[in-house]
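Go by the hints and put chain B onto chain A.
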Amino acid sequence: MNLGSIEFFVLFLPLGWLAYLLVPRTPRFQNAVLVVLSTIFYLSWTPSMAWIMALSISVNFVAALAMERLRTSPGKHRAVFWAAIVYNTGQLVFLKYAGFFAASLMELMGSDSTATRSSLHFILPIGISFWTLQLIAYQIDVARGRTAACRDFLVFSVFVLFFPQIPSGPIPRPHQLLPQLSKSRHVEPSWISKGAAALLMGYCLKFLVADGIASVVVQPAWADPAHHSALSAWVGLVGYAIQIFGDFAGYSLMAIGCGRFFGIELPQNFTVPFFSTTMADFWRRWHITLNSWLFDYLYGPLLTTRGFFRGRFDLGFVVVFGLSGLWHGASWPFVIWGFVHGLALAIHRRWDERLRRLCRTNRVWVTRRKSFAWKCAAWMLTQSFFVVSLVPFRAQNLDELRTFAAALLGFSQHGSAIYPSGLEWAMVIAALGVFATYNIGGTATGIRIWKTFLRLPAPVRGIGYGLVVVMLLILVPVGTGNFIYAQF
Amino acid sequence: MSDLAPEVGSIWRNIAMIFAAVVVTVFAADFLLRTICPPIPPKMEFSDGFSEFVSGKPNALVLGSSHARAYVALQKKVSQFTSGQVHLSVLPLEWGKLSSYQWAIENRIAPYLEQDRSSANPQTSQLRHLLLVTEWWDGCSPDNGRAVNIPARAWTLKHFVSDVIKEGLTDFNRSYLTSQWSSLWRWTILWSDRGIGRLPRALWARAKGAEGLETPESYQGRIIWWQNMTEGAFEDPNCKNGKELEALDHIVEFTKKFNLELTVVLHPRMPSTLTVTAKSTTLNRFANELHKRAVVHGFRIVDATVTSPLQDNDFMSDFDHVTEQGSVTLADWALSSGLSFLLTLAEPATQRHP
Chain A
737 MNLGSIEFFV LFLPLGWLAY LLVPRTPRFQ NAVLVVLSTI FYLSWTPSMA WIMALSISVN
797 FVAALAMERL RTSPGKHRAV FWAAIVYNTG QLVFLKYAGF FAASLMELMG SDSTATRSSL
857 HFILPIGISF WTLQLIAYQI DVARGRTAAC RDFLVFSVFV LFFPQIPSGP IPRPHQLLPQ
917 LSKSRHVEPS WISKGAAALL MGYCLKFLVA DGIASVVVQP AWADPAHHSA LSAWVGLVGY
977 AIQIFGDFAG YSLMAIGCGR FFGIELPQNF TVPFFSTTMA DFWRRWHITL NSWLFDYLYG
1037 PLLTTRGFFR GRFDLGFVVV FGLSGLWHGA SWPFVIWGFV HGLALAIHRR WDERLRRLCR
1097 TNRVWVTRRK SFAWKCAAWM LTQSFFVVSL VPFRAQNLDE LRTFAAALLG FSQHGSAIYP
1157 SGLEWAMVIA ALGVFATYNI GGTATGIRIW KTFLRLPAPV RGIGYGLVVV MLLILVPVGT
1217 GNFIYAQF
Chain B
19 MSDLAPEVGS IWRNIAMIFA AVVVTVFAAD FLLRTICPPI PPKMEFSDGF SEFVSGKPNA
79 LVLGSSHARA YVALQKKVSQ FTSGQVHLSV LPLEWGKLSS YQWAIENRIA PYLEQDRSSA
139 NPQTSQLRHL LLVTEWWDGC SPDNGRAVNI PARAWTLKHF VSDVIKEGLT DFNRSYLTSQ
199 WSSLWRWTIL WSDRGIGRLP RALWARAKGA EGLETPESYQ GRIIWWQNMT EGAFEDPNCK
259 NGKELEALDH IVEFTKKFNL ELTVVLHPRM PSTLTVTAKS TTLNRFANEL HKRAVVHGFR
319 IVDATVTSPL QDNDFMSDFD HVTEQGSVTL ADWALSSGLS FLLTLAEPAT QRHP
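Here the protein sequences line up with chains A and B, keeping their order. Counted the way the numbering used here counts, the first sequence spans residues 737 to 1224. Counted the way the numbering used here counts, the second sequence spans residues 19 to 372.
Pulled out of the complex, with its shape left as it was, chain A reads as follows:
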């Protein structure tokens, strides 16, 4: 069951919400309902792996309490902290990467790795990559005294298990979620309308934009890149950039919308990343909760603590983004993807330093930097780089990466084009319209239009929402809806 499935919309969400509204408005009852709902939701994915999640919650709950109690004994405090970090990291590494590392090692030694890969290929508990980071952040925050250890097991269970965030985040920080869960929540009507709007926009982004573009231009271009022209490959690649944005930003909005129905605000995960004019800016707007996690818990400590990496900012970028690539999936194309992004950030940092020096010495550079042409070029460079970097991200293996790259450069064997029909183009245009609406919504004009819409009489707004639902029903096939990020 995912956030876009019929049983979620028809049964799970309405009945769960009703139960939530009917229980006494105390944290204990409300959290108990959320734990039951989240457990049902979790069991609907990987029931055989539920014990791993239960064990993780218990171990982390106890470890944080122990750390707090041992604060006066630094040695023991440190030992518990590292034990918790090793437990969380080890679990993720073993379940997700054991097969990949063992097979890569065997390939390096020239042996056949197929059997090793399949024998160490485990069913992953859903969302393990997301909630592991959440738990590591919790342990670090408790160890550093930024957050008090949670003393209520129910609250802690909801913190980890809260169903909208389980499959693909956002990755909330302890200080963002734990205080909300410790208090009783009043489900304000304004939250319901904000939640419904986020849910509807998320649904449109996922099912209209991501899935619509995927079926018309992305899948045909990627299914057989050796047979496609350079133009088709480029259309397929740009389409994939929009698809992956719609898929993940759509999911994040749906999760945020669901959270609001229960009076809980999850952190934002995207703020119009396609407006970015530098890669650093891009990563501040794309998958915000992951990237801020990487910078706060990995990059920062790596560069500021005494050791080899101290002050090596560029190497830090490469290492952190290499790990980010690996986090996305246990395969070499993901590592390459992370590496090139790390490299891009390093190059950008150096360029930015140089530019700042130039600006200090000659004011002409300040004028140039503020010019429209400069901004256009910077935008074009940033977005082009992001789009091209998706080739290793989308490729299943190094062979596919090579084949698609060859198609992009016009070296495909046949060079035929993808030919969507007029109607399919119309659907792509509808999808791009929604994509543009989302992006315009991030501008001052968009916000003004939205506020004007909200001032309209309720029935008029209802008709507007109803027409969006009609459009979704016309254009979105039933039964679609696996989220790309749920596999990470």
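Take the hints with a grain of salt, since some may be wrong.
Said to hold, decoys possible - Partner residues aside, some chain B positions facing chain A, computed with beta carbon under 8 Å: (1) Trp30; (2) Asn32; (3) Ile33; (4) Phe37; (5) Ala38; (6) Ala39; (7) Ser180; (8) Ile183; (9) Gly186; (10) Arg212; (11) Gly213; (12) Arg219; (13) Lys226; (14) Trp244.
Claimed, not checked - Sample of chain A residues lacking proximity to chain B, with all beta carbon distances greater than 12 Å (derived): (15) Ser968; (16) Trp970; (17) Asn1027; (18) Thr1041; (19) Leu1051; (20) Leu1094.
Claimed, not checked - Beyond 10 Å from chain A on every Cβ pair, some chain B residues (computed): (21) Arg52; (22) Ile58; (23) Met62; (24) Phe99; (25) Thr100; (26) Gln103; (27) Thr233; (28) Lys258; (29) Leu292; (30) Val294; (31) Thr295; (32) Lys297; (33) Ala312; (34) Arg318; (35) Val324; (36) Leu353.
Don't read these hints as lab results, they were simulated from the structure. Heads up, the beta-carbon is just placed ideally off N, CA and C, and yes, glycines get one too.
Same frame as chain A, but now just chain B:
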């Protein structure tokens, strides 16, 4: 708080009004859209065929994927030519593969036959033939190892519950829920058309005329897609692994157990979608595998893949399914060639066609 109360109350009223307006808009839109594109009558599904099979006294069973629907014309022709003495039951299992047919046989058909034949007055005593409608694609195992069509098309509630208890709610068993939910809304165009696309095409045709629906390039592109797909299947591990053909062996065992004659019909393909390479590789490999088994087990093969008189215009716009007129042409051809024995089933069982 008392100042806030009316405001909160009015917000709830607003939400209720918005919700009501959404519902009214959606149903009003559906009403209007039904005048442009009325919902199509439900297609014949496995459950419909199975009900007919259980209630009738069939002489032959036709089992296949959605392609089996084309054999309803054959059913009518046979009935017509034999003055209603020979009855065919058609069981179309949408998106079926050989393993899906095996599942349907072992979990739906065989249990019924066992129960029926142990009764005092069996309904299926006349049943002598199984016509298995197949093609190369049915020999390619599904990616996740389980044929995804079974829950939606052949399961009963009992199968769903037992699978959920065993596996949890999975994408596989969810399709049972989806199909049941969808069946409640068959009367609406907005829901019943989801995934079919008649409504967007009808709206497009109304706005722009029918021409824009398919350009020569998009038509040719789709032909090439089919050609590449069929050729590519020769190297596809799912099509090479032979797992689906093991299902055929189980189907043969079933026919032996229930004393049925098996005829494997290789369903026609749209001529333009087949290249010389596809014929000599993918299609040839599948046909050869069938012929090898036919020699061992003694079943009949009617290969209509390219030998039937069907032309491109006898196929629907999906390039896959045969049109109503094409189905009649196919039935006439089949009854004058490989399936002519069906017309002899009216005779006493002892004089059956060998």
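Worksheet item: Is it the case that B:Phe99 keeps its Cβ farther than 10 Å from each residue Cβ in chain A?
Response: Per Cβ check, B:Phe99 is outside 10 Å of chain A; nearest 40 Å; holds.
Worksheet item: Any CB of chain A closer than 8 Å to the CB of B:Ala39?
Response: Since chain A brings a Cβ to about 2 Å from B:Ala39, closer than 8 Å, the hint holds.
Discussion item. Quick check on the hint: B:Ser180 CB to chain A CB, less than 8 Å?
Written reply: With Cβ-Cβ at 15 Å, over 8 Å, it is violated.
Worksheet entry | No chain B beta carbon within 12 Å of A:Leu1094's | holds, 50 Å
Worksheet item: Does B:Gly186 pass the interface check with chain A, least Cβ-Cβ distance below 8 Å?
Response: Constraint on B:Gly186 satisfied, holds at 4 Å.
Fill in: Proposed interface contact between B:Ile183 and chain A, which counts if any beta carbon pair is under 8 Å
violated, 10 Å
Worksheet item: Taking 12 Å as the cut and beta carbons as the points, is A:Leu1051 off the interface with chain B?
Response: holds, 41 Å
Item to complete: Classify the hint on B:Phe37 as holds or violated, based on whether any CB of chain A lies nearer than 8 Å to its CB.
Response: holds, 7 Å
Worksheet item: Any Cβ of chain A at or closer than 10 Å to B:Met62, or is the non-interface label fine?
Response: Given that every Cβ of chain A is farther than 10 Å from that of B:Met62, nearest at about 20 Å, it holds.
Discussion item. For the restraint on B:Ala38, tell me whether the closest CB of chain A is nearer than 8 Å.
Written reply: B:Ala38 check passes; min Cβ-Cβ to chain A is 7 Å, inside 8 Å.
Item to complete: With 10 Å as the threshold, tell me whether B:Lys297 passes as away from chain A on beta-carbon distances.
Response: holds, 19 Å
Worksheet item: Against chain A, is B:Gly213 within 8 Å by beta-carbon distance?
Response: Nearest chain A Cβ about 3 Å off; hint holds.
This entry does not satisfy hints 7, 8, 14, 15 and 27, going by the numbered hints stated previously.
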